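From first to last, the protein sequence lines are chains E and U.
Each residue of the first sequence is one higher than the one before, starting from 1 at the first, in the numbering used here.
Each residue of the second sequence is one higher than the one before, starting from 1 at the first, in the numbering used here.
It is worth saying that the hints were derived from the structure and are not from the lab.
In this text the structure is predicted, and so the values were computed from the model without any measurement.
C-beta: ideal position from N, C-alpha, C; glycine also.
You may find that some hints are simply not true.
EDC-like cross-link-like pairs, simulated, lysine to aspartate or glutamate; straight-line CA separation at most 16 Å [said to hold, decoys possible]: (1) U:K189 / U:D210; (2) U:K269 / U:D248; (3) U:K116 / E:D3; (4) U:K162 / U:E12; (5) E:K256 / U:D21; (6) U:K221 / U:D310; (7) E:K17 / U:D137; (8) E:K168 / U:D21.
One side of the interface only, derived from the structure: several residues of chain E facing chain U at Cβ under 7 Å [unchecked claim]: (9) F91; (10) P99; (11) I100.
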Amino acid sequence: MNDYVQEVGALTTRWVKRLSRERFSLLFTLAQPMVFWLIFFGNLFQRTADMAIVQTPNYIAFLTAGVVIMTILNNGLAGGTDLLFDKENGFLERMLSTPISRTSIVMSRFLFVMAITSGQVLVILGVAYLYGVHPVTGLGGVAVIILIGLLFGIGLTALSMAMAFSVKSHGDFFSMLGFLSLPMIFLSSALVPLSAMPGWMAFLARLNPMTWAIDAVRPLILTGWDAAVPQIGIVVIVMAVFDAFCLWLAAKAFRKTLG
Amino acid sequence: MGLTVGGPFAIEVEGLSKTYDGAVTAVEDVSFQVSPGEVFGLLGPNGAGKTTTLRVLITVLRPSGGTARVLGMDVVEQADAVRQAIGYVPQERAIDRFLSGREHLQLLAGLYHIPKDQAAARIDAVLALVNLEHKADEIARNYSGGMKRKLDIACGLLPNPKVLFMDEPTLGLDVESRLKIWEHIRQLKARGITIVLTTNYLDEADQLCDRLAIIDGGRVKVIGSPKELKSGLGGDIVTLTLASGDLDKVEALAQAIKGQTGVKAVSIKQHLLDIRVASPEATLPAILGAVTAHGCRLEFVDFHRPRLDDVFLAHTGRHMKEDA
Numbered sequence: 001m002n003d004y005v006q007e008v009g010a011l012t013t014r015w016v017k018r019l020s021r022e023r024f025s026l027l028f029t030l031a032q033p034m035v036f037w038l039i040f041f042g043n044l045f046q047r048t049a050d051m052a053i054v055q056t057p058n059y060i061a062f063l064t065a066g067v068v069i070m071t072i073l074n075n076g077l078a079g080g081t082d083l084l085f086d087k088e089n090g091f092l093e094r095m096l097s098t099p100i101s102r103t104s105i106v107m108s109r110f111l112f113v114m115a116i117t118s119g120q121v122l123v124i125l126g127v128a129y130l131y132g133v134h135p136v137t138g139l140g141g142v143a144v145i146i147l148i149g150l151l152f153g154i155g156l157t158a159l160s161m162a163m164a165f166s167v168k169s170h171g172d173f174f175s176m177l178g179f180l181s182l183p184m185i186f187l188s189s190a191l192v193p194l195s196a197m198p199g200w201m202a203f204l205a206r207l208n209p210m211t212w213a214i215d216a217v218r219p220l221i222l223t224g225w226d227a228a229v230p231q232i233g234i235v236v237i238v239m240a241v242f243d244a245f246c247l248w249l250a251a252k253a254f255r256k257t258l259g
Numbered sequence: 001m002g003l004t005v006g007g008p009f010a011i012e013v014e015g016l017s018k019t020y021d022g023a024v025t026a027v028e029d030v031s032f033q034v035s036p037g038e039v040f041g042l043l044g045p046n047g048a049g050k051t052t053t054l055r056v057l058i059t060v061l062r063p064s065g066g067t068a069r070v071l072g073m074d075v076v077e078q079a080d081a082v083r084q085a086i087g088y089v090p091q092e093r094a095i096d097r098f099l100s101g102r103e104h105l106q107l108l109a110g111l112y113h114i115p116k117d118q119a120a121a122r123i124d125a126v127l128a129l130v131n132l133e134h135k136a137d138e139i140a141r142n143y144s145g146g147m148k149r150k151l152d153i154a155c156g157l158l159p160n161p162k163v164l165f166m167d168e169p170t171l172g173l174d175v176e177s178r179l180k181i182w183e184h185i186r187q188l189k190a191r192g193i194t195i196v197l198t199t200n201y202l203d204e205a206d207q208l209c210d211r212l213a214i215i216d217g218g219r220v221k222v223i224g225s226p227k228e229l230k231s232g233l234g235g236d237i238v239t240l241t242l243a244s245g246d247l248d249k250v251e252a253l254a255q256a257i258k259g260q261t262g263v264k265a266v267s268i269k270q271h272l273l274d275i276r277v278a279s280p281e282a283t284l285p286a287i288l289g290a291v292t293a294h295g296c297r298l299e300f301v302d303f304h305r306p307r308l309d310d311v312f313l314a315h316t317g318r319h320m321k322e323d324a
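Next up, chain E with everything else stripped away, as it sits in the complex (with noise of 0.2 Å):
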């Protein structure tokens, strides 16, 4: 038990220096989503959108939610990133080479991800706060709408590493990751309710495990605890399922790397 917190606090530590030096990675990293999406994004549809039907004051407040779990979308995707590199220069085979419990290098990518993703969330909530989006459910209702992230972010940084493991060059992997994340967020609810949509989006996006954390996170931000209590019931269902699904990817993907 010690060893294996020794070593992933030690490949913890690798993967929040990389970072720390990689200053202008982290400002982008950071500033990205909320300066495209909930400032440029919202914005740019404030007057079109039809409050009628995104039923908010303003569509920033539609749109934070959908922003939140986009952000979490985009830094589990890129969760696997390092290591690919890692597979890719030889870093990964140094570390197997070594008397590690083989989850540690997986376990230490999920804290990372994980804090970089809360930080964002905050960072989010907190300028959204300053559009005058103020979530009604309070501190208590922040601190779910993280743990859904982190429900979601688990699944979708253990599909990254699987797309790491199995890829045969790092040009298939930004290719997928680009190929995945946007129709993940347009078959969502993120920008538009699935009310707004063509039937047949509205049915995909219903397929899309994104869609659940973004109705479970809106309601916490815009209504309150009697409407978001039976998404979030709904949201761990669904996660509890997409997680299962994609660790075993990675699982799998992990164990065939190792030959």
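Using the hints, position chain U against chain E.
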């Protein structure tokens, strides 16, 4: 650590094979033994199966067939115990360019479960061993190729290994750095560490290795000390290249040279005569005499002691350099 030493060998590989995705065979029926304290080389061109063999030995690749034991421990069944006992020096690219040299070692100290209060002293010791103390806190991005290699070796030595595995230890290095790395490897041997290295440099195998296995196409072609392998070729090598107009005389000339004293063997390769002699200094005049007597003109004469390249050629049918 509970070592169960199963034999007199530090490493025993028996009938090892590895097939990827059930189709591509990387190594086939590879067997060799390494004695404690030896420097053992796996020599071959790129893609020969050296690195695959090494990856099985460091437990990151499961063999498809056969067995491999390190210090008597099976690399599959007792992988964790093997990992505890070995050090690994990967190819130079396996450096995190955002970390300093010391931070690499701190990470590995965590992965080898070295207690925090011992780690700092241990790290200082391995840094001193490779003369990298003064650059230890610089970010690895700024390291030269030679410095990266030194850091790799320091990383490999951190766990105090009994067996050190090195993948192409001097690949891409300038001459001066290469000689320094060789010097480090000799020092490690003097400390009693068993070293297994892969290389596609003939002079490296020749200079450093006590014994080596020549690998080509996934198979071990021959195993022995550089000296044994070279003397196994049957003498020094004299090569005569005949002028193209005299090709019809080559048979007769070969017969005549075979009869000279000191000539061990003669073989014809188109317009080349490959002659093995006990001593070129003593035999060359007689050979040249036979050439003159047959009225042959020579384009080129070459004579040399057998080199590992000749050994490679003799066992694989081609020159090593063609693949480098």
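_Are any of the numbered hints broken by this structure? If so, which, sorted upward?_
none
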